Structures are given as structure tokens and as C-alpha cells.
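Undergrad: Listed below, chain by chain, are the residues.
Number of protein chains: 2
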Amino acid sequence: MRATVIYGERDIRLDEVPDPTLSTGGDAIVRVVASCVCGSDLWPYRGITPTEHPHRIGHEFVGLVQEIGPEVTNVKVGDFVIAPFYDCDMTCVNCLNGVSTSCLHGGWWGSKDRLGGFADGGQGELIRVPHADGSLYATPELPAEELIPSLLTLADVMGTGHHAAVSAGVTAGSTVVVVGDGAVGLCAVLAAKRLGASRIVAMSRHADRQALAREFGATDIVEERGDEGVARIKELFDGVGPEFVLECVGTQESMDQAIRSARPGGMVGYVGVPNGGAELPIRTLFGTNVGVNGGVAPVRNYIAELLPEVLSGAIDPGRVFDLTLPLAEVAEAYAAMDERRAIKVLLRP
Amino acid sequence: MRATVIYGERDIRLDEVPDPTLSTGGDAIVRVVASCVCGSDLWPYRGITPTEHPHRIGHEFVGLVQEIGPEVTNVKVGDFVIAPFYDCDMTCVNCLNGVSTSCLHGGWWGSKDRLGGFADGGQGELIRVPHADGSLYATPELPAEELIPSLLTLADVMGTGHHAAVSAGVTAGSTVVVVGDGAVGLCAVLAAKRLGASRIVAMSRHADRQALAREFGATDIVEERGDEGVARIKELFDGVGPEFVLECVGTQESMDQAIRSARPGGMVGYVGVPNGGAELPIRTLFGTNVGVNGGVAPVRNYIAELLPEVLSGAIDPGRVFDLTLPLAEVAEAYAAMDERRAIKVLLRP
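Just so you know, the sequences run in chain order A and B.
Residues in the first sequence are numbered from 1 upward in steps of one, following UniProt numbering.
Residues in the second sequence are numbered from 1 upward in steps of one, following UniProt numbering.
Some hints here could point you the wrong way.
[Unchecked claim] Straight-line C-alpha distance at most 30 Å; calculated DSBU-like pairs for lysine-lysine:
no.	chain 1	residue 1	chain 2	residue 2
1	B	Lys193	A	Lys112
2	B	Lys112	B	Lys76
3	B	Lys76	A	Lys234
4	A	Lys234	A	Lys193
5	B	Lys193	B	Lys234
6	A	Lys76	A	Lys112
Since the hints were made in silico from the structure, they are not lab data.
For clarity, every value in this text was computed on a predicted model and none was experimentally measured.
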């Protein structure tokens with residue numbers, strides 16, 4: 001089969017690799033229907049995270065179950081399934097506590113699983129899925145073609161935006177600022193809207209992203225950043241700032257922007273993967289009673305809540321995909337996102 | 001009048017100073033009935049925070065209103081009043097949002113207020129109180145003598161322990177670990193208990209503090225610290241840790257202990273004043289979805305909730321005072337706390 005391999009900075013190739021095989025009894029083989037490129041894939045692509053040896057890449061996919069191990073009972077051959085951006089058993093204490101990203105037996109796509117088998121990266125044709133009963137979530141029936149982009153967002157970006165909002169504590173009537181206008185930030189706007197936020201400010205400088213943010217529920221756009229951005233945000237909310245800020249980037253600048261924008265006693269929900277030397281300024285947090293909550297989003301735990309709204313069309317997070325390419329053009333998919341020619345690229349095998 | 005002045009490391013003196021006078025129209029003069037020494041007073045006492053010039057010290061007191069400015073309407077001469085460890089107007093947006101420590105017009109005892117008058121330190125005989133209508137909270141009637149220690153804790157430590165629990169999100173049935181067995185940590189145990197926590201672990205190595213923690217509601221005591229402490233805590237809670245950890249010290253070690261002890265998805269409520277190089281390890285927080293919330297406690301906002309329980313005897317936080325001295329022996333009060341001969345010292349003029 002073909003699978004995406006990163007060789008180094010800006011060196012993405014589609015390689016011929018062996019087909020995966022079942023090995024643990026509880027695993028499954030899924031044929032990918034759609035996958036995509038994540039903002040976090042750009043860190044190794046840009047060389048910010050060094051690539052020491054070539055390895056599989058990709059971690060968001062939906063597909064059809066092609067084969068299952070003898071112990072698998074929750075999904076069957078032919079099911080359309082959503083996989084979170086990690087594997088998990090959904091039976092350990094952390095999964096049951098709602099934090100499946102801390103599954104005691106889980107792992108990450110594109111690496112060995114805890115039982116020694118290899119779990120393929122998501123940007124390929126076939127994936128061996130460990131803990132298929134936990135990792136995979138089957139839709140009630142085969143979905144319509146036009147729903148596939150939104151279903152794919154449940155593998156990562158929509159669940160991650162939702163996690164930012166839930167971690168902050170957004171609820172009916174909340175005031176919210178979203179830092180970051182990538183796919184996750186836009187999904188965070190949508191998540192805040194569906195949770196009932198009364199005012200949602202999207203911080204964005206790109207007209208296309210501003211437009212989508214407004215369609216997702218943003219009531220205001222702020223283009224300023226840094227001190228000017230903080231001043232503008234405070235001005236919009238009683239001179240003190242909003243209750244909640246959703247940080248969806250992961251840089252020191254974006255985290256500082258978030259913390260300084262929140263009102264005293266407010267909360268920053270953060271899901272941007274921390275990179276570089278991002279630190280939390282504890283004295284500022286202490287003095288202002290601004291809290292910080294979030295992390296790597298347990299999106300598997302959110303599928304049951306979000307899927308019905310995707311299937312009914314109540315939410316349409318798949319609109320964050322503004323470019324679709326065949327898997328054969330995966331290198332161009334990375335380049336388009338790196339150069340901000342696309343918000344997020346969907347790949348079809 | 002006499003007032004406490006810090007001159008430098010381990011140099012605390014009771015000086016004769018001018019009586020305060022009213023100056024703003026909205027201020028009041030309070031005759032101190034009881035004050036005390038705070039754990040945070042020990043930072044300058046120990047020289048960890050340098051004392052560059054002699055200054056008044058102390059910030060926790062209860063007393064009787066002796067004189068009021070013409071604009072004061074919420075308290076009257078003769079009232080018994082509790083003052084928080086800061087002054088605040090209780091009318092600005094931050095006060096109304098529940099964060100009176102971020103009052104737009106407030107300040108700190110022992111320094112100039114925003115209108116240029118001097119607000120005395122708390123460890124003295126008379127205090128000029130700015131924003132008396134906001135800063136002071138009068139009891140319905142003159143309290144019985146034996147209630148005075150518990151009433152005094154509403155000025156700081158009980159409200160601060162409560163803030164740790166509220167910031168973490170402690171509620172009925174919660175599992176809680178408290179890091180720190182000083183007065184604030186012990187009050188945090190009591191706060192978690194009254195909020196309905198089902199299991200409360202106090203981390204303490206001192207028999208007298210362990211005993212009081214148990215009387216305040218601790219169900220378990222853990223003496224280990226560091227890696228051993230983390231392992232012991234995880235063992236007590238399903239191998240993964242409790243939902244909530246209340247950090248009541250403020251050192252890097254105690255914050256690390258707290259963050260590493262919380263279960264994935266858990267929350268650290270912190271109120272220990274950060275000192276030294278305390279930093280928050282964002283990658284650990286991100287990977288485990290442990291949040292951090294808290295800060296300088298808006299205790300003024302909590303008096304209305306906590307006072308009735310103190311007056312009824314339902315809670316008795318004043319038991320953290322295990323030594324009472326006359327104000328004339330204030331230097332000995334500091335020494336006793338510094339040398340851990342006392343948990344907390346109450347001073348009577």
C-alpha cells in the first residue's frame with residue numbers, strides 16, 4: 001500500500017510500504033476513506049521539531065473496517081468508522097474518567113503500540129488500529145459523501161476546539177475570545193457557539209478565516225495582536241476582558257496573548273501543542289486569578305456528543321477544509337498549509 | 001499608637017507611630033481587636049524577599065470601628081468588622097465579578113492607597129481603612145470572645161483555603177489532596193470538607209497538624225514527599241491520583257508535587273504565593289490535561305458565605321491558631337512561626 005513518510009524538513013513522500021496485518025486479536029484493519037494534514041504536522045515539516053529518521057506521519061482519518069481480530073465486538077467489517085488521533089481502549093480508568101489521551105494502554109499513530117505491533121500513520125491507504133473496540137467509533141449507517149469532511153473533523157480538530165471550550169468552562173451566556181484562526185481555532189468558535197456563548201471574538205487577520213469564523217458564530221473580529229490586541233479585547237469587555245479565552249496555537253506569543261486578554265478570575269482553555277519555550281507566567285496568573293486548563297484533547301470521549309449534530313447537519317465543522325487533494329499529492333497538501341494557501345487540506349486515497 | 005515594623009531579616013519591632021487620621025471621606029479608623037502573622041510575612045522575615053527599607057507589616061485583622069468618614073454608610077461606629085488582607089471597593093467590575101483582589105481602586109495594607117493616604121499594616125493598634133464600605137464586613141452583632149479567632153481567619157487563611165477548593169472545582173463527592181499543612185492548608189482541608197469532598201488526603205509530617213487535619217475532615221494522611229509522595233497518592237486513588245489537588249505553599253517543590261499528584265484531567269487549585277523561581281511545566285500539564293487555577297484569594301467575596309457558619313459554630317477554622325501573644329511580643333510571634341513552634345500566632349493588642 002501507499003503511506004506518507006516524512007524524511008526531513010519539507011521532505012514529504014508517498015512511499016510503497018507493506019500492508020498492515022492483524023496481530024493482537026483486538027485490532028482491526030481500516031481502509032482510509034479520508035485523511036488530512038494537521039497543524040501539528042507542520043512542526044516537523046518546518047524543521048521546528050527535528051526528524052531524526054524517516055517515519056510515517058498523519059493521525060486523522062475516517063474509513064471502512066476491512067478486517068477485525070477475533071476479540072473485536074464493537075465494530076464489524078464494512079462499518080464506517082472515525083478514529084481519534086491516538087488509540088485507546090476506553091476501558092481503563094483514565095478513559096472512563098474522560099481522558100482517553102491518557103489511556104493506560106493507548107498510543108500514537110505512526111509508532112509501535114504497547115503490544116509491539118506497528119500502528120500506521122493516518123495519511124495512507126490502510127491502517128492497523130490497536131484496541132479497535134475502543135479506538136474506533138462506528139457511525140449508525142454509511143454516511144452521505146458530503147458529510148465526510150465534518151466526520152473527519154471529529155478525529156481531531158472539532159473535538160480539539162470543543163476541548164478548549166469545555167476546559168475553559170464555556171457555557172450559556174459566556175464571553176469568549178479565540179486566539180488562533182487555524183482549523184482548531186475556527187472549530188473552537190463553533191464549539192463555543194454550540195455551548196451557548198453569547199459573545200465570541202475571533203482574533204484573525206485573514207479575510208477568508210474571518211468570514212468562516214463569523215459563519216461559525218463569531219460576533220466580533222479583532223485583527224490586532226500583542227499589547228494592541230490585549231487593549232482592544234479589554235475594551236470590548238467592560239475594560240477588563242472576557243471570562244474565557246481559547247488558546248489554539250501553542251506558541252509563547254499566543255499563550256501570552258490569551259493569558260493577558262482574560263479578565264481577572266477568567267480561564268484560558270488551551271489546546272495548542274506547546275512548542276519552543278512556551279512557559280506559563282505563574283506570577284501573572286497568581287496576581288490576576290487567571291487559570292489555565294486543557295491539553296491534548298481526548299476527542300474520542302467527545303464523539304458521542306458531537307456526532308449526532310454532524311449527522312443532522314446542525315454543525316458543519318468540515319467547512320474548515322478548503323482544499324481537497326488526492327493522497328498522491330500529499331507533499332503539495334503540506335506545502336499549501338505551510339504557505340497558508342489553505343486552512344486545512346483533506347486527502348482522498 | 002504602636003505598630004509592627006520590619007527592619008530587615010529577622011528584625012521585627014513594635015514602634016511608636018502617629019495615630020492614623022481620616023482623609024478621603026470614604027475611609028474609617030478601626031481599633032484592632034485581634035491580628036496575626038501570615039505565612040507570607042515569613043518571606044521578608046527570612047530574607048527571601050529583601051526588605052530595602054523599614055516598613056509596616058501585617059495584613060490580617062478584626063476590630064471595632066472607631067471613626068468613619070462622612071461618605072461611609074455600610075458600617076457604623078462600634079461595629080465589629082472583618083477586613084480582608086487588602087482593601088477594595090466592592091463596586092468595580094472586578095469586585096462584582098468576584099475577584100476583589102483585582103479591585104480597580106484597591107490596594108494593600110502597609111502602603112499608600114490609590115488616593116495617597118496611608119493604609120496601616122495590620123499588626124498594630126489602629127488602622128485607617130480605605131473604601132470602608134467595601135473593605136469592611138460587619139458582623140450582625142458583637143461576637144462572643146471565643147469566636148474571635150475563627151472570625152479572624154475570614155480575613156485571610158479560611159477564605160484562602162476556600163479559594164483553593166473553589167478554584168479547583170471541589171464539590172460533593174470529590175477526591176482531594178492538600179499539599180501544605182500550614183494554616184492555609186489546614187483551612188483548605190476544612191473547605192473541601194464543607195464543600196462535600198468524599199475523600200481528603202492531607203500531606204503532612206507533623207503530628208499536631210495531622211491531628212488537626214483529621215479533625216477538619218482529612219480521611220488520610222500522607223507523610224511522603226517527592227516521587228514517593230506522588231506514588232503513595234496515586235496508589236490511594238485508583239493508581240492515577242485524585243481529581244483535585246490544593247496547593248497551599250508556593251514553592252516549586254510543592255507545585256510540582258501538586259501537578260504530578262493530580263490524575264489526568266484533574267485540576268490544581270493553588271493559593272500559595274509563588275516565590276523563588278516557581279514555574280509551571282506546560283508540557284506536563286498539556287500531556288496530562290491537568291489544569292491550574294487560583295491565585296491571590298478574593299476573600300472579601302467569600303465572607304458572606306463563610307461567616308454564618310463561623311457564627312453558628314458549624315466550622316471552627318480559628319483552631320489553626322495554636323499560640324496567642326500580646327502585640328508587645330510580636331517579634332516572638334514571628335520567631336515561633338519561623339521555627340515551626342506554632343502553626344499560626346494570634347496577636348492581641
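Undergrad: Does each hint hold? Answer for all of them.
TA: A quick look at each hint next to the structure:
Taking the CA atoms of B/Lys193 and A/Lys112, the gap is near 45 Å; set against the 30 Å cutoff, the hint is violated. Note on B/Lys112 and B/Lys76: the hinted pairing holds, with a Cα-Cα distance of about 24 Å set against a maximum of 30 Å. Taken as a hint, the B/Lys76 and A/Lys234 pair is broken in the structure, with Cα atoms around 37 Å apart against an allowance of 30 Å. Taking the CA atoms of A/Lys234 and A/Lys193, the gap is near 21 Å; set against the 30 Å cutoff, the hint holds.
A distance of roughly 21 Å separates the Cα atoms of B/Lys193 and B/Lys234; the hinted pair therefore holds under the 30 Å criterion. Restraint check for A/Lys76 and A/Lys112: the C-alpha separation of about 24 Å stays at or below 30 Å, so the hint holds.
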